[in-house]
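> For reference, the chains in residue letters:
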Amino acid sequence: MTAVAEQKVGGRRRRVPLTEALTALGLIVAPFVLPYLGFAPNTVNQILVWGLFGIGFDILFGYTGLLSFGQSAFYGVGGFVAAYLLTKNLIHSVPLALLLGTAAAIVVGALVGVIALRRTGIYFAMITVAIAEMFFFLENSPLSAWTGGENGIPGVPTPKFEIGGWSLSVGTGWSMYWFLAAIYFIGIVLALRIVRSPVGAIFTAIRDNPGRVAALGHSVGLYKLASFVIAAAYAGLAGGLLGVLQGFMPPDAFTFDTSGQLVMQTAIGGTGTLFGPLVGAVVWLFLNDFLQSVLGLGGAWKLVLGVVFVLLVCFLRRGLVGGMVDLYHLWFRRHDAEAEAPEEPERAVPAAPMPAHHRVAEAQAGRPILKATGITKRYGGLLANSDIDFTVKSGELRGIIGPNGAGKTTFFKMLTCEVHPTSGKIEFAGRDITGMSVTDVCQLGLTKSYQVNQLFSRLTVRKNLQIAALADLRGKFRLDLFRNPRRIAGLTDQIEHTLELVNLVHRADTPVSQLAYGEKRRLEIGLALATSPSLLLLDEPLAGMSPQERVETVKLLKSIRQGRTMIVIDHDMDALFELAERVTVLQEGRVLTEGTPDEIKADPAVREAYLGGVLE
Amino acid sequence: MFNGLVLGALLALISSGLTIIYGTLGVLNLAHGAMFMVGGYAGFLTYQATGSFVLAVAGGALFVLVLGIVIERVIIRHFYSRPSEDQLLVTFGLSMVFVEVIRLIFSSLTRSVPPPSWGVGVTSLGFMLYPTYRLIVVGIVAVALLILYLVLYRTKLGMIVRAGIEDSVMVDSLGIDVYKVFMVVFGIGAMAAGFAGIVNAPVVSLTPDMGDAILVETFVVVVIGGVGSFPGAILGGLISGQILSLTSMVNPGYSYVMLFAVMTLVLMLRPRGLLGSRSRD
Chain A
1 MTAVAEQKVG
11 GRRRRVPLTE
21 ALTALGLIVA
31 PFVLPYLGFA
41 PNTVNQILVW
51 GLFGIGFDIL
61 FGYTGLLSFG
71 QSAFYGVGGF
81 VAAYLLTKNL
91 IHSVPLALLL
101 GTAAAIVVGA
111 LVGVIALRRT
121 GIYFAMITVA
131 IAEMFFFLEN
141 SPLSAWTGGE
151 NGIPGVPTPK
161 FEIGGWSLSV
171 GTGWSMYWFL
181 AAIYFIGIVL
191 ALRIVRSPVG
201 AIFTAIRDNP
211 GRVAALGHSV
221 GLYKLASFVI
231 AAAYAGLAGG
241 LLGVLQGFMP
251 PDAFTFDTSG
261 QLVMQTAIGG
271 TGTLFGPLVG
281 AVVWLFLNDF
291 LQSVLGLGGA
301 WKLVLGVVFV
311 LLVCFLRRGL
321 VGGMVDLYHL
331 WFRRHDAEAE
341 APEEPERAVP
351 AAPMPAHHRV
361 AEAQAGRPIL
371 KATGITKRYG
381 GLLANSDIDF
391 TVKSGELRGI
401 IGPNGAGKTT
411 FFKMLTCEVH
421 PTSGKIEFAG
431 RDITGMSVTD
441 VCQLGLTKSY
451 QVNQLFSRLT
461 VRKNLQIAAL
471 ADLRGKFRLD
481 LFRNPRRIAG
491 LTDQIEHTLE
501 LVNLVHRADT
511 PVSQLAYGEK
521 RRLEIGLALA
531 TSPSLLLLDE
541 PLAGMSPQER
551 VETVKLLKSI
561 RQGRTMIVID
571 HDMDALFELA
581 ERVTVLQEGR
591 VLTEGTPDEI
601 KADPAVREAY
611 LGGVLE
Chain B
1001 MFNGLVLGAL
1011 LALISSGLTI
1021 IYGTLGVLNL
1031 AHGAMFMVGG
1041 YAGFLTYQAT
1051 GSFVLAVAGG
1061 ALFVLVLGIV
1071 IERVIIRHFY
1081 SRPSEDQLLV
1091 TFGLSMVFVE
1101 VIRLIFSSLT
1111 RSVPPPSWGV
1121 GVTSLGFMLY
1131 PTYRLIVVGI
1141 VAVALLILYL
1151 VLYRTKLGMI
1161 VRAGIEDSVM
1171 VDSLGIDVYK
1181 VFMVVFGIGA
1191 MAAGFAGIVN
1201 APVVSLTPDM
1211 GDAILVETFV
1221 VVVIGGVGSF
1231 PGAILGGLIS
1241 GQILSLTSMV
1251 NPGYSYVMLF
1261 AVMTLVLMLR
1271 PRGLLGSRSR
1281 D
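Which chain is which? The protein sequence lines are A and B, in order.
Sequential numbering from 1 applies to the first sequence in the numbering used here.
Sequential numbering from 1001 applies to the second sequence in the numbering used here.
Honestly, the hints are just simulated from the structure, not real lab data.
Hints are supplied without guarantee of correctness; some may be wrong.
Below, a sample of chain B positions facing chain A; criterion: calculated Cβ distance under 7 Å [claimed, not checked]:
hint : residue
1    : V1120
2    : S1124
3    : G1253
4    : M1263
Each residue gets a CB set at the ideal place from its N, CA and C atoms; glycine is no exception.
Just chain B, same shape as in the assembly (with noise of 0.2 Å):
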């Protein structure tokens, strides 16, 4: 139970940023698994070089923006005219590129980040005893994905992305630079994802082909919750989460059967995912 709010929190935040560069940019970002992994890495090597477990978050966080930023303005911003199909062939060449640097530069072999002194041991939730790092992942993704909502709904750059999502031309039109809403959407969904990396680098080890895994479960999630729907990211990223945790519990090799036979019944049920919205279709 709580090992699947752990990692639904982590799936949601994931999947958010996946979600809101789809339902922004029209792109289905497939190197957004990459980002999660350069997530971790980045932070890994803040952490190596300032042994600050809060520095390392930033520090991977704050790259992965850049990264973002520069693939947009580099790369992706050629293919807003091409067909969806161009988008991830370039994405996951993309994807590739930067699994092969990091296992260039890092090797194969994996790497861990030592958990926070304050995370490290275990707190007893009076029923168990449960890794209080585990703990403290749940409430920094929550904190996360809070901020990103306040950003999300409260601000005018949210405002614009929301717009955006229902009807791009029309934001064009009204005068504003949607290249530069686009830019930052694509480094923000970025950041999203390398964020969860670092968080989750002291849980899980980091190898260079940890991003395609989670990249695949990101897409359950996302169909589940609805694409290009924030709020279905989240419900979405929470019943993967507990799917997963749940069925791993009565035998781990059917976790990923389940995770898929329940997006085959969503998608059979709700073809738009349980929180889609019809406007990009």
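This is chain A alone, in the form it adopts within the complex (with noise of 0.2 Å):
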């Protein structure tokens, strides 16, 4: 099963239904092959039901990163409420009474993954812990009279089905695989299409950074939530399985001891990975069999057990399955190499205009698009932004300058909804935006290309550009689970025209971490750009590039103007002076003045407090 799994990882996105039909091969050909390997059926039956369980862990820890350890608790629901419905006579299709243990583990997925996901990193984990701890003290005394406490549910019936007057009941051993199999197959399936959906390409961009995912007009919250429910579900399924698996449901499902052996075969087997925990629970249960019984270790198959563990998140930090990948892909570039010199071509025909944002209403040109009134910013003692009116029209080119300190990327930070003013209000398109989301605001059509580089290191350029041109089209939260990202009207499109417009084509299945640095500026930009703003403010966006890239990003810059109002700080006053219509100054956190780019150069106040007479 494992060699199945290698390649089914490494298969590329081409030959998508090789995954698929290789994991249907695997299953069918286990049985047959497995026993000569010394695995007993009711252990290759608990695999699956692991491996099932750890599909939906994988989705939340692998894809979007979130490391919960706190699954047993769905588990347990999904395995209790199943097994409660079958023995109490009140649901007599195995099926359904594992569907409702599903339905059962997802409302309290959603219930704990409101509490827990308002808090990130190490505090999630811990809270998950400690949810899933209550939960087994739940099931253990205030419960006990419907889950039977220490002793757990027995006498849990296996499956029957009756087609057109043709019984078939599953029994134990290679009879209860069959059962596990397919339901394992259908698992992997839904599993795949979801992490090759629209909202499987944002769960790995908020494993990346949720902060530009949120930016780019995504909400990330629901979609964490939407993470976290589905590990729910599928750690219902597989605590219902158990529990027809063995007869029997018993209460360790609910232990810390379960949340933690499913984190370390994952982990083992490999994140991001889909098969990893499958993988993982081979590894798991083949060295409890082996070490135990052959090697005779006893009790001491644990240790060993952990200490490989430490050593694989020592060394192998992706698993397994992953370090398997690694190695095809290691094998597979090395021929590919010599062959792909990235080298930037050059451009005949400048790329056509990109159409600005269809969801504001257009905006008349000279209209104001922007209006700030009195925004202050406040840190403790320190005034970062004081009393700044400023106003930008629809169309207009707008640069900014001012000295470092003089509170310029603070002012952007209000102005995309990323910090809050101190008091002011702040309308875009006639909309008062004051106190709004990041999110909220880029939906509406205005967002900000950063000043440090916020990309999605582990993706490649048209990913990054993928997840970005989801917000516009797809607003800020959609549930597609399953759809073909391909089958949105207009999203490969806009990809390759900022492909394009940024120059990036050539390199667009690159991952960004490969990427030159002015490459990765490129992107930054591209990452805005797709968008489709009506107003892009940009922070800098000639910040640390070499003259020719500089002149290559003023030339970008004025082909993307066409239909959008843009807002640029940037240091380097020759391109700022030759690009923008009109510029601000800012010094001190206030507006010290206002014009267009000669009067500033000739306006002493300026050169006084800034230009220090520098500029001839």
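Each chain sits in its own coordinate frame; assemble them with the hints.
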């Protein structure tokens, strides 16, 4: 089964159905091969249940980057609800009971998610542990009348199917295997669809840089909750199957050990692969059998496992499957690398301008699109911005200059609603946006490219732009879990167009981590552009670029300004005076003056305060 | 009420260890419960060898101090620059290793350390009789917390640690070897748990799994008090101890449920915890 898993994960996008076909093949062949390797049918069945449990966890941890140590709560809820319904004869159909158990886990997952996702990282991990532990205690005493307390629920029936007078009853051993394998197969097919859907793409982006996902106009909170609930659903189904498999619903399903075992199996097998948890379960249960009975280590097997796990986390952080995928790519790249020397192509024709945002009613040129009145930002005793009045007309290209510490970046952060002003009011396209979230503001058509690159470094250039374009085309939250992104009208065009604009067509399938600095800078602008903003803020777009790159970028900025309003901060005076129609000068958190580039150059106050006579 | 005070004091001590490690190093040590457990067993061994309870406490605490320093040097140090998820995974793995090593050596049977001769029997508090040793535990833990407080707030090391909680990059750039500080802090934090482990040994008998339950309780304490806050850990510990023991008087089955309900409430109203600061987020 491991061998199959590797190929599947290594499979490239073009050969998509291959993964599913190989999984099916692997599941069909397994009962004929595994007995010769010393696997008892019951062990294989347990592996499948753990594998299924792990699919959801991998979507949560491997794809979305949320490490939960509390998955046992949903495993137990799904298991006990299904077992209770079946043993009390409330429901006779095993599949229906499993579905109801899954539904219960989904509900509980949503409730727990709302609480746990209030915090991230370490806090999140701690809260999930604590909540899962609470479920264990709930099961053990207050609810013991229903759950059997420490005894669990015995007598869970196995499924029987009647199709057109022909009845099939699932027994134990390999008979049970086929039932579980069919469910595992459905589970993996659905999961593959999810991770390839727009939602899956956003999950991986959240793992890399949640702040930028929010700034691009996606509701990070709701997507995280979606991922959490998906994981709970898989856990609930797996928990139900555990009861069916064993004929008994054990209370230890709810323990911290269950969550811990799941985390370890996933990490051993490899995160972000969907098949990792299955491989991890194989390793775990195989070592369990092998070390205990063959080597006679008895209780020490867990110690060996713990040591193996620590070593894996230290040295092979992507687990077994991840390590094999890396090896495969290493081999693959070696053949590939010589042929593909990334050379920047000369652009004969500049790309066509990009249409601006369609959701904001086309503001007439000359009317104010952005109006900030009296905005002030105070950090404790420090006054970053003080009483700034600022108006930009639709279609204008405005420059902002000011010495370091003048409050330019803070000012931009307030305009995009990343931070909220202490006082004052901001209007965009006739709407009061003061206090709105950065996500909502981006959805309205106002976004920013950052001074320090905020990219999704583990994704390719194309995927990066996809995340941005999806926010424009799908709104801030949509649960199209099974949709192929290529079916979204206009998505491919929007990505290709942005690639051309920022001249990264030849690098489209390169991971961001391998880009040169100048390319990353262009992608940073491309991310903002791909959301089709009607007002685009650029925070030092030329920072750190070579003179040649500056010329290119200025050309790019000129080419994208048609049909949209732009505000640019930069220290490169020559470039900014060439680009901008009007320039605002900030000094010590206030507006010093505002005017055309020529007026600014001639203004003695500006020379005094900022230019220091450098400019001739 | 008094049971709650004993439990709360212990939780406060263990949690303050967890919280100063997290606050300074930015690492949440999932092996902290195991440190508590190892402290108990190391003390048990010392007791068997010497027959002295005082030496047992010293032995347990010192062993865990050394163990903490070794773990930091050999493993944790390489994880500072890795994502927090990796730090959680590796400390979780370590926790399992320690539990299994202890299980291998001592088997799963419970072990107990008798209370010292000067702590046997009951003391009359005027309105009730109470086991003397438990009163002593409160005293010992209070002294330990006081020492920890003095170290944190009255010494140069403590000043660096507290500055490190605010901004470890800044401390580093001031020319202070933060790694050395990290090592010492990890050792002290672990020792706090180990010390609690051996002090608690006469009250509750030792099992290899005892760390898991304590770990979860300390999480709740730290979440309630505010991650990284030393006063928060003490306040959270005392509150949690009261919740657990007061609910137990009514119905033991609900004590944990109540504890987690309070944690949820705190999270809703004050997501950073009662005394949490903004610096680490």
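> Work down the list of hints and note, for each, if the structure agrees.
A quick look at each hint next to the structure:
{"no.": "1", "hint": "V1120", "in the structure": "violated (33 Å)"}
{"no.": "2", "hint": "S1124", "in the structure": "violated (34 Å)"}
{"no.": "3", "hint": "G1253", "in the structure": "holds (3 Å)"}
{"no.": "4", "hint": "M1263", "in the structure": "holds (6 Å)"}
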